[in-house]
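Colleague: Construct all of the structure, not just a fragment, from the sequences and the given hints.
So the protein sequences, as listed, match chains V and H.
Numbering (the working numbering) for the first sequence: -6 to 423.
Numbering (the working numbering) for the second sequence: -6 to 423.
In case anyone wonders, no lab produced these hints; they're calculated from the structure.
Please note: incorrect hints may appear among the correct ones.
When chains are identical, the list treats them as one kind, so a pair holds in a single copy or across two.
To be verified - EDC-like mimics (lysine to aspartate or glutamate), calculated; alpha carbons at most 20 angstroms apart, straight line:
#	residue 1	residue 2
1	Lys113	Glu18
2	Lys113	Asp303
3	Lys372	Asp353
4	Lys377	Asp402
5	Lys266	Asp412
6	Lys377	Asp353
7	Lys113	Asp412
8	Lys366	Glu354
Protein chains: 2
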Amino acid sequence: MHERKMPATLRFMLAARRSELLGLEDLAQTCELVTRISQLVHALQKERGYSNLYLSGNAPHQRLQLDSLSQAVDSLEGQLRDDLEHIDQNGLGSADKTRLFTRIAYALHNLDELPALRRKIREHRISMQDATATLVRLIGGLLAVVFEAADTATDPDITRSLVALFNFMQGKELAGQERALGVAGFASGYFTSEMLERLEQLLESQERCFETFSRFASPTALELWHQLCASPNSTQACRLREIARRTRPDAQVDCQLGELWFELHTARIDTMKSVETRLEQDLLQHCQQSMQRIRSDLHSHRRLLDGLSDMHAAAEQTRLFSVHSSHLDSTAEDGVSANLARSTLALLQTQTQRLQAMHDELREARQALDERKQVERAKQLLIKQQGCSESEAHARLRRAAMNQGLRLDEVAQRLLALDTEPPPTTSRPR
Amino acid sequence: MHERKMPATLRFMLAARRSELLGLEDLAQTCELVTRISQLVHALQKERGYSNLYLSGNAPHQRLQLDSLSQAVDSLEGQLRDDLEHIDQNGLGSADKTRLFTRIAYALHNLDELPALRRKIREHRISMQDATATLVRLIGGLLAVVFEAADTATDPDITRSLVALFNFMQGKELAGQERALGVAGFASGYFTSEMLERLEQLLESQERCFETFSRFASPTALELWHQLCASPNSTQACRLREIARRTRPDAQVDCQLGELWFELHTARIDTMKSVETRLEQDLLQHCQQSMQRIRSDLHSHRRLLDGLSDMHAAAEQTRLFSVHSSHLDSTAEDGVSANLARSTLALLQTQTQRLQAMHDELREARQALDERKQVERAKQLLIKQQGCSESEAHARLRRAAMNQGLRLDEVAQRLLALDTEPPPTTSRPR
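Modeller: Below you can see the structure in the form of structure tokens.
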């Protein structure tokens, strides 16, 4: 039956399913973008690692290696930009891309800094700390796109996959920052107390990320992760951390340890990449499965609705012919209508229950993102109010959490709640 | 400058704004639908009121009046269905209509019951209770569309308007149910204890709705509401409620009081309609204002981005000509680029802060809807688990809230949390 002739109820049920499919197609495109970003981030992390080695002056022979890593980044960046051209043109149909697009603009803006940064690195016109900071910010901008994709996804399975991937990427990025910190520390022979505090923070934040990742990852990805954690490499990395913690200005270590640290952590990060690849595959698989399910649902829904629609038309026909006859007919007609109404209602109820269940699952997965957002915002608030560094803001939140026996996000939430409460009227100047 | 030649960063900033405008245009269409629904609901409430009078047998002369009220409903329903044809066709571009469309399908499905119901009413083949229940369900379906519109709106001002309107409509609907209950009670000479309990619930629920409405309504709408509450009509309605509370099987009252009750409450509901109309106007005004603001933002944004884009092209030009010259040029070039980068970053930061502020305001307005959702779901849970009526479920929640000194939604939240917790593993059969 032609759709325009369908009763409006059935037409809207069909439109709802179709809207779901459209949303999912849109989401699938975003997920492909996310996997591209994940690859680009990995390449940037490698380039950052070698840039630091190069800047630390201990490995001048690595200029060629650095150039080839930069080229790898350029190639992935080119692919990402091609993808974005495509999204820019086609993604405008759907309505709530404002936040995602703004994040993308941010990430692209950061990427524009790369050529100038690379020149400075090669000419040794920038410190290791500044180069690292720039690349941390650049990678942070890309991670923010992944976060936003997770936060706006509307399919629970895909959202869970995205939450797992984002947290893993973030954890791996912190591992990369840990590597950079170690390179700097060992290069100067010892770790300052600020560096050691930062090291503890990086370790603690990694733990939080991997804990959230563990809650949302597939069993296969989780298995890979457990293997990594139990590997000799991890044990050695722990031992080097212990050495770092014992260094002092008057208890320096051989700066050659920096190369060992770098190699160990590079191997660790490369193994992490294999978990990340698994998570990317999980994500794309969930996209395909959800899309297939919705397509086949739409198809069977369409058939059911066509059937109901035909019954409806037949009932209309009967009504037309019986319009002048007795009231007895109207009872028979009521019977057909009642049957129709019951079938339609059953379909509607199934659909509503499914949407409710999806909504609940989504809420649960987004909770993990929300907690992260609260902590970040509480940090920003402390930085603004108390003029402290990000590192100090984090340390304060952590101390408050330990003192009060609360989780980090609970402390953050209380802090933010205090800030949004209106000032008591009595305290206003008269 | 042609948009395709713009740097990707600027193009995405523009795309973000355009996406916002598209979302708002979509939302404006939904808001017009909501005002239509509000009018249809009012007409249906009138038809329900007169249907009850007609069925109570005390006013057989009102058949003509009833027919004209039915015609008024038909005409508004026809207009709504025309609007929906339009939305059905054009609304498919944007992605997250699944829930809204499902609610609309539900509402339409319910509306299909009207003709059969009207036949039964006119032939006295249905009890007043059953007719009321059917119309309560039908109006409930329409209110659910308004709720969903409020829950999915992405503009804070519009969301606040929708939350105010939904709560007022819901409160007015409960006032309509109170009127029907009173008509039935006075018609039989006294109120049973179940009827009185239901009356208290209706009053309490109205209070909750009007409290939320008050938090989100415009000052003008609020002023109208306060006038209504202070009117002699309200005082008289209170007095009649007192009389109803004192009736018993052995202390019956003149059933003529039913007509007075009906008139008083009809006048009250009609005055409420004027508040509702004010809320509808507020809503459409907010739509227009937001749309104008976004359009002009888009326009000025476009001009700014064009300017930046031209600067960018000029810088590129310089770079091409100076590619073989000394490094001194690259510093000058870096200066231009740095300026450009700063301007772009400032724009990006403004946009991000605005989005964050909008997100916070949205969260606050949606909180009010969330509380309502929790209470409804907790009721459904009690009905399912304990096999009690909705009325009994509500009473239990209320008792629990009073005993524990909590708000209704807090009790609901705790109940739901208990239900979603996994059963302890030890209690499983071995």
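Colleague: For every hint, state whether the structure bears it out.
Modeller: Structure-based check of all given hints:
| no. | hint | verdict |
| --- | --- | --- |
| 1 | Lys113 <-> Glu18 | neither (42 angstroms within a copy, 47 angstroms between copies) |
| 2 | Lys113 <-> Asp303 | neither (73 angstroms within a copy, 26 angstroms between copies) |
| 3 | Lys372 <-> Asp353 | between (29 angstroms within a copy, 17 angstroms between copies) |
| 4 | Lys377 <-> Asp402 | within (19 angstroms within a copy, 35 angstroms between copies) |
| 5 | Lys266 <-> Asp412 | neither (40 angstroms within a copy, 39 angstroms between copies) |
| 6 | Lys377 <-> Asp353 | between (35 angstroms within a copy, 18 angstroms between copies) |
| 7 | Lys113 <-> Asp412 | neither (41 angstroms within a copy, 59 angstroms between copies) |
| 8 | Lys366 <-> Glu354 | both (19 angstroms within a copy, 16 angstroms between copies) |
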